[in-house]
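Chemist: Numbering (my numbering), first residue to last: 1 to 312.
Mixed in with the good hints there might be a few duds.
DSS-like mimics (lysine-lysine), calculated; alpha carbons at most 25 Å apart, straight line [unchecked claim]: (1) K245 - K234; (2) K189 - K245; (3) K153 - K234; (4) K257 - K189; (5) K153 - K189; (6) K62 - K83; (7) K153 - K62; (8) K211 - K263; (9) K153 - K211; (10) K245 - K153; (11) K83 - K189; (12) K211 - K189; (13) K234 - K189.
No lab work stands behind these hints, which were simulated from the structure alone.
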Amino acid sequence: MTVGFLHETDYLDDEVAYILGMILMRGNFVDRGSGGILTIRFPTRLDTISPPPGYELDIDRKTALQLALHRLRGLMEDVLGVKVGVSGDPGEAVIRAEFLSNTIAWRDLRMLCGDELSYERFALPDVIFHAPRDIQLALVRGIADCSADPSEKDNAWGTSQRVVLQFQYSNWQLPLQVCALLQQELGIKVQHILWGHPNIRSPGGGHSWAKEHRMRIYAEEFCPVGFAFEYKQKVFEALADWNEKNPVARRQFCNPKMKAAPKAKGEHPDEHSDALPPEVRGHFDGAFEVCRALGCEQGCKSQEELFEEDEE
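Using the sequences and the hints given, assemble the complete structure.
Modeler: Okay, here's the thing in structure tokens:
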């Protein structure tokens, strides 16, 4: 594949978007002035991936992951035009691409990431919201392959299977942006975001709340995206199939403007912790209130006209 670029805009096709999704979630740049190094980290918690009850999948997970990373390495070498290596240990795999000069691919990726260096600060580029649907889906698929381990352990009270996208604790804006992309642009309903906030993750008063932000999506809603990693796709298809065979009430978009105040939570001693962004230091009774405080403007007062422009 030969990578081409559009005048006065960032270059994107579905392959670049897929790689970009991974970079946004777990990527780091080392800028050497003339080129540099791109790394993408993949948690390898293989024991967390499991199908729903009644489904048995014959997957050698370690081998399947190695094969998926090998295919990813080939894709990145074709798209980026550089040598790509894979390394790691039992808990994490690392993809490493070295750029020996300021190639067009290097400059484009840096531009798409707002010239930031780390996933702790990356934001979704505006060009994605104006891109064709297949490019938007490819980007979210890259996010999923890098950050989600499809598993029946993420079910909702035993009634529905879910996909969970896990965002790094240090990045509080990217989850909002991806949620807006899913709901407003792709029509994919998000259940909610379980924020790494003391009122949300440790309402009983514990101190283990500074965890990843978990975006929960019912499995059948995620079917337009799916996974490119084949072993994850097999588990995901089982989760979605389980939901189809065990239907519940119609899913709804997450609509912060429509939600009523939830049941009051008790105060937490870490509500005003300096580890929290200033916008969310304080007390919150529900996850959607954190979304509002961070600037979420999705939704409207009518569920049927969820994203009417005159309601924004």
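Chemist: Starting from the hint list further up, note which numbers the structure goes against and sort them upward.
Modeler: When the structure is compared with the hints, only number 11 turns out to be violated.
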